[in-house]
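Order-wise, the sequence lines are chains A and B. For the first sequence, the positions run 1 to 588 when the numbering used here is used. For the second sequence, the positions run 1 to 189 when the numbering used here is used.
In case anyone wonders, no lab produced these hints; they're calculated from the structure. Quick caveat, the model's predicted, so the values are computed rather than measured. Careful: at least some of the hints might be erroneous.
As a list, the in silico EDC-like pairs of lysine to aspartate or glutamate whose alpha-carbon atoms are at most 20 Å apart [stated by the list, open to error]: (1) B:LYS62 x B:GLU85; (2) B:LYS47 x B:ASP57; (3) A:LYS541 x A:ASP21; (4) B:LYS62 x B:GLU7; (5) B:LYS47 x A:GLU574; (6) B:LYS8 x A:GLU574.
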Amino acid sequence: MSTPGETAGETVESAREMLPDNSFLIQYPHVSRVVRSLFLTAFVAFGIGAFMGVLQALHRTGIARIVESADYYTFLTLHGVLLAIVFTIFFLAGVFTWANTRSLDRPPVSKRFTWFWVVTMSAGTAMAGIAMLAGLLPSIDISADVLFTFYAPLQAHPIFYIGLAVFVIGTWLAGIDWFRQFLAWRREHPDERIPLQSFMVLTTMIMWFIATLGVAVEVVVFLIPWSLGIMPAPNPLLTRTLFWFFGHPIVYFWLMPAYLLWYTVLPKIAGGRLFSDPLARVVFVLFLLLSTPVGIHHQYLDPGIAEGFKFIAMTNTMFLLLPSLLTAFTVVASIEHGARQRGGTGYFGWLKALPWRDPAFTGMALAGLMFAAGGFSGMVNAGMNINYLVHNTLWVPGHFHLTVGTAVALSFMAGAYWLVPRITGRKLYSRPIGLFQVVLWFVGMVFMSAAMHRGGLAGIPRRTAEPQYPQVAFETVAGSVGSLRLQLAFGGVLLFVSALLFLMNVGLTAMNNKPARGLDSALPPALSGPEQSPTVLDNLKLWALIAVVLVILAYSLPLYSIVQGAGLYPAGQEASPAVIAPLLEVIA
Amino acid sequence: MHVHNYEKLWLGASLLLIVGFISTIVYGAAGAGITMVNDEGGQVNPKELGNTSGFDDPGVTKVGPNEYEVHIVALQFAFQPGTVELPANSTVTFYVTSRDVVHGFEVAGTNANTMVIPGEVSQITVEFDEPGEYGIVCHEYCGAGHHSMAAELIVREPSNFTMQDDTQTPTSGNETTNATATPTGGESA
Ligand code: HEM
Ligand SMILES: [Cu+2]
Ligand SMILES: [Cu+2]
């Protein structure tokens, strides 16, 4: 898309003057800076995490073993934390900061407060990161080889837990910032409907406030005092349950920014309009209500929890399918509308009229497609008694590399191709590389994830450094275990190459001296607008209240019975490895 | 609020799908009789397993004509016992607990699968119809040696099967003796 006026010597500074007045960078230079710094952290975490990913894929298949098997778990911890927590949440914070500002058309209330939460989140990440990395250096007495689920009584160094707590507090402050921004807007617009993107940000954050209570109690009340040697080891079933109280809704915390992009940006890229604004609101409200009271579905095979509680979690989980199915409908309908605007015709012929050369479009479309596949394997996980067959096997990472690893991560990469020029004023370095990269991710994931699913059905466990056990012969339904391993590793390598291409493309964009063009930040209005929907949809207090009530209903009895069972601090629990306690004994 | 006809159709189909999924699970539980691991196993003190009936001498116990109990202790990084032998055509109840951290217990390639949590006893009942050799793996990360944690399960023709420790005093009938053996101290908060 080079225009005649473009010359080699043209700098971005002078080009900024050529950006339209309503482009985001011109209107909100400061917010753009905040988003850039959040994205930078997200992408650094993504790069390191992807490197760990390819090491794992090669190591656990026995194809190339660079590290010792005992160190595998340090890499796996880094992979899980850096990708599933740091990359996703920093990127999300950038998208939400952009979306809230853009749709409310006003900046956050205080620049200092905004930087304060950015720094808080970063400081927490740095602390946890140091603890994890130190696990590779035996000379330092710090480690956090506990994976991203950190089940007690496996123990990490206190700075790991403290870092996590600081990070979560940072996300709370971010949420408060977005709410303050909204309330300031509300004072000036007392009777208007909440703009759609802001509505999505706010409902997601209410869900996050509720969900993180579980992990906050787990970490602050139990794990930090325990790792400091002040309190005894907590009830491992209780801390697991608190973890999964948060562990399922975090899935939707990853997904909601991707949905935000699908609902609001994708129709624009496709040349159309969102099909229905009210339905989008209904979907986000459903996620707010149903995301948390389902966490026990991660504990279908835990002893100490009655079957009835598992059954309730299972039914709620199934109903949580509804908002995703509705999303599939709306997104496809919106894209189809775009295609028809671009001259597409026919039952399926319209597909040809879509902007397939645009990596932002193709990336999100492929991400959506993979999400459908992930949904199906997720239904197997969710099917309580079928879960026996796949629980903690390779099937499970096979499943979530389709969901968070592709539906979310690929949407983020595609979104970055669209958003980074808007917050830097610089032209995307290369669209063909971008296009190649998103397709490569898709292909790599087809290989890796299919092999993982099939390996899981053969009983191969997840989270293990070794491809083989002397006592066990894994039997596949079709194809040999050896070919599965090759496919898994091959897919992992493609994914890693794709990740490198992405980072290179975005990095070169950030340094590109060619100015971006035509960055109109307006998004087209929905075909059915919000005015047609009941205003109760915008009653955030009401939805928050119902969400809290549902959580209390779903969790009070299970938590009560777990504490009744073994107590808060059962006798005989011991940390492994014991991090601080021996130190204290030496001092004492 | 205006809802498009296609949306209504889709909504209806989605709800039908969801109800369908729930029904298959209900069928699995009520019809096929697949029950979930639950809280029946009770609690134990992971440091007192040596004094806890069943786990003090882990292994196979015959409790009825074709019924067996197997007590298994998971620890970093092994299962005790490392080899379990059972006759085919038997109903077997596993009691599994951990001496240290969280582990997993999976008879690879079957749906005999449970988490193993220190302080809790996982109780699962499995039927073995065919002779064969199975691997048992720990499927939850439990420390640096996690990948070496596995055991063997051999299901023999009933005619080839003899209890290895017949001389041992039998545990009291069909009851799950370990389950309530040592309830731990409760809250010490
Ligand atoms: C270069 C691309 C990637 C490769 C090659 C890769 C590979 C792997 C492999 C082989 C495992 C299984 C390890 C095991 O269970 O032993 C794994 C686990 C995992 N991956 Fe990835 N992955 C990639 C990208 C991602 C992305 C983008 C995300 C999320 C945003 C992600 C999230 C996770 C998580 C949460 C786990 C589970 C960690 C655990 O069990 O504690 N991965 N990955
Ligand atoms: Cu979940
Ligand atoms: Cu293990």
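Here's how the hints hold up against the structure:
1. B:LYS62 x B:GLU85: holds, 12 Å
2. B:LYS47 x B:ASP57: holds, 14 Å
3. A:LYS541 x A:ASP21: The hint is violated at about 36 Å.
4. B:LYS62 x B:GLU7: This hinted pair is violated, its Cα atoms lying about 59 Å apart.
5. B:LYS47 x A:GLU574: OK: LYS47 of chain B and GLU574 of chain A at ~9 Å, within 20 Å.
6. B:LYS8 x A:GLU574: Distance of about 55 Å is beyond 20 Å: violated.
Figure legend: structure checked against the earlier numbered hints; hints not met, in rising order: 3, 4, 6.
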